[in-house]
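Heads up: the sequence lines are chains F and Z, in that order. With the UniProt record's numbering as the guide, the letters of the first sequence map in order to residues 1 to 263. With the UniProt record's numbering as the guide, the letters of the second sequence map in order to residues 1 to 333.
Keep in mind that the hints were calculated from the coordinates and are not lab data. Hints should not be assumed to be uniformly reliable.
Stretch by stretch, here's where chain Z covers chain F in the computed footprint (C-beta under 8 Å, at least three residues) [stated by the list, open to error]: (1) 4-15; (2) 20-27; (3) 84-97; (4) 101-113.
The beta-carbon is built from N, C-alpha and C at its ideal position, and this holds for glycine as well.
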Amino acid sequence: MSALSLAVRNSNTMLRRNLLHARRYPSMTLNLLLTPIMMLLLFVYIFGDVMSAGIGGGGADRSDYIAYVVPGILMMTIGSTVIGAAISVSMDMNEGLIARFRTMALYRGSLLIGHVVGSVLQVLASQLLVGAVAVAIGFRSTDATVLEWLAAFGLLALFSLALTWIAVGMGMASPNPEAASNMAMPLILLPLISSAFIPADTMPGWFQPIAEYQPFTPAIETLRGLLLGTEIGNNWWIAIVWCVGLTALGYRWATGLFNRDPK
Amino acid sequence: MTPTTPHSLAIAAKGLRKAYGDKTVLDCIDLAVPTGTVYSLLGPNGAGKTTVVKILSTLITADAGDLRVGGHDLAADPQAVRAAIGVTGQFSAVDWLITGEENMLLMADLHQLSRSEGRRTAAELLERFDLVEAAANPVSTYSGGMRRRLDLAMTLVGKPRIIFLDEPTTGLDPRSRRNMWGIIRELVSGGVTVFLTTQYLEEADELADRIAVLSDGKIAAEGSADELKRLIPGGHVRLRFADPAAYQSAAVALREVTRDDEALSLQILSDGSQRELRSILDWLDSAGIEADELTVHIPDLDDVFFALTGGTNLPNQPAANQPAANQPRKAAR
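Using the sequences and the hints, build the whole thing.
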């Protein structure tokens, strides 16, 4: 059996193991999904009147705010769902099973690849659920072309991949699943200081550069542009640079830790 | 069946060293395990047993040493070593979140068995390890003994020729322990080489062809159980008296004995041979001593273990729980 087909076969087995876990124990994924959905409902129905006054130079109503906030919530869903990857990687690393995998003649990267692909698939499934809630409360994207939809989907997948690798690195670097969950918290907090809920230019001047150039804002602005036709500007390539950079960083970090001698 | 010759070593280690920082864990260890035998590494907690297993099973790298497992060099071709070995460690290497059967199928899949072959292998092993009824339950509901059995069953999916068992019976109840011994003997009768670590002397005595006593990162002694027992002069004849007066007069008459006034017993050094026993009996007769009980104590691995691993030297300890000559039973071959 060639090295490539071994890699594909082993990674596929690990992916199926990962999805089996997700199917058997959906509570973690569903719990992580609650945060973005609660945020969506909270900001639209509780804070909605005040929030809508802050966008579009005033005069915007609740449906305008729904359109504004949904792309941000979709990105936030990614940050929230990948915490599950950090936790499950850390759980694996703390079990005796990892020693078994390491002493079998497997393709070495298969375990992490299984986690990453499984996590990306779970993120995309979560997007569908959050998207469905968004549509249910009145989100519409009627102007987007098929090409824009495809690009939006690609951006979500790319951003999921990037944050998943970072989360996997966090899982590898954590001594236990609780620590992994804590370490991954910024992934769900970063959207709060992005343009997800309010435009970056309404924030204090000293803070605006942070809000504008952190990974979430360019990705959210690009998604907004694709779905709603707002100005994308240079956000699309900044988002792609972030995605590629974070993927490379997370990959190097996670595999570097994985290839070290275990304790 | 694999032929056993002095030249076919399943595991060969020369000058194995491992240190963590400035703490030397393994200090120049040599091991030679003939194919098809059970080799036991015996030692107290913290002696470095698990480190040896981790290194030989490719989990961690050694600092130095010429190491070959299954004929493959550990440093040069760890992947070939992995293809030849199976490991059951101290901590259950099972997936707790899925069922026993799913665990077995996971292994079959990772060993790239076809779907039907995987199902057949899984079913056979579940049957052999008495896990058929529990197969559809999540492993988190298993007892300790069931988890160990599943663990070993998973190890066997890849039909390894060399199996590492790191304290396979630690924490098991006596019945599960006996079960595990039976399983290990069965494996060996099928030609598999077993490298076993244990802190139970009885276990090494029961199962192993050769035993190495590991102490402080060094091999303190190596040999068959009988060879090891001969290393220390622990044998003695023990005379017990019911009457304190008889005890006193015997103690005075015999002089060259170890006294235990509390238990009213005397110990006379002896290797347990018929000739020595007869001369002791003659001596007792000529001195007119009539003991109420005479027992022969042959050194067991406990004595060897304590003598070699720097514990209290026990040869003359009252052998309260050794009422009779205690000949080791050999593992069924």
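Do the hints match the structure? See the list:
| no. | hint | verdict |
| --- | --- | --- |
| 1 | 4-15 | holds (count 4) |
| 2 | 20-27 | holds (count 4) |
| 3 | 84-97 | holds (count 3) |
| 4 | 101-113 | holds (count 6) |
Taken one by one, the earlier hints all hold for this structure without exception.
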